[in-house]
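Residue numbers (this note's numbering): 15 to 94.
For the record, the hints were derived by calculation from the structure and aren't laboratory data. Any given hint might turn out to be false.
Unchecked claim - Label pairs and their computed distance ranges (CB to CB):
| hint | residue 1 | residue 2 | range |
| --- | --- | --- | --- |
| 1 | K58 | D79 | 28 to 36 angstroms |
| 2 | E87 | E64 | 15 to 23 angstroms |
| 3 | I83 | L33 | 16 to 24 angstroms |
| 4 | I22 | E88 | 32 to 40 angstroms |
These numbers come from a predicted model, not from an experiment. Cβ atoms here follow ideal geometry from the backbone N, Cα and C, with glycine treated the same way.
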Amino acid sequence: MFERKYEIEKFNGSNNFVLWSIKMRTLLIMFGQDSENELPIIMKASERVELMEKAKSIILLNLTDEVLIEVTEEKNAATL
Numbered sequence: 015m016f017e018r019k020y021e022i023e024k025f026n027g028s029n030n031f032v033l034w035s036i037k038m039r040t041l042l043i044m045f046g047q048d049s050e051n052e053l054p055i056i057m058k059a060s061e062r063v064e065l066m067e068k069a070k071s072i073i074l075l076n077l078t079d080e081v082l083i084e085v086t087e088e089k090n091a092a093t094l
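Based on the provided sequences and hints, a complete structural model is requested.
Rendered as structure tokens:
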């Protein structure tokens with residue numbers, strides 16, 4: 015079995031945010047990290063934290079350095 019690599023253009027502040035956010039949400043869903051959906055009630059707190067950290071990491075990796083430096087203080091994926 016092979017692993018497929020999916021890439022989207024990093025958000026740089028001047029490209030279309032709406033299109034980028036649609037692609038970003040799709041990417042998060044593909045990796046099971048869509049933080050917008052409600053998390054299962056039976057999920058352990060540690061699992062929730064891990065899920066949110068993974069979602070945040072995916073988003074951060076899809077920002078240019080110029081945008082990344084502006085959002086470094088954000089605490090979670092939802093505020094990004």
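Taking the hints in turn, this is what the structure says about them:
no.: 1; hint: K58 x D79: 28 to 36 angstroms; result: holds, 35 angstroms
no.: 2; hint: E87 x E64: 15 to 23 angstroms; result: holds, 21 angstroms
no.: 3; hint: I83 x L33: 16 to 24 angstroms; result: holds, 23 angstroms
no.: 4; hint: I22 x E88: 32 to 40 angstroms; result: violated, 19 angstroms
In the structure shown, a violation is registered for the earlier hint numbered 4 alone.
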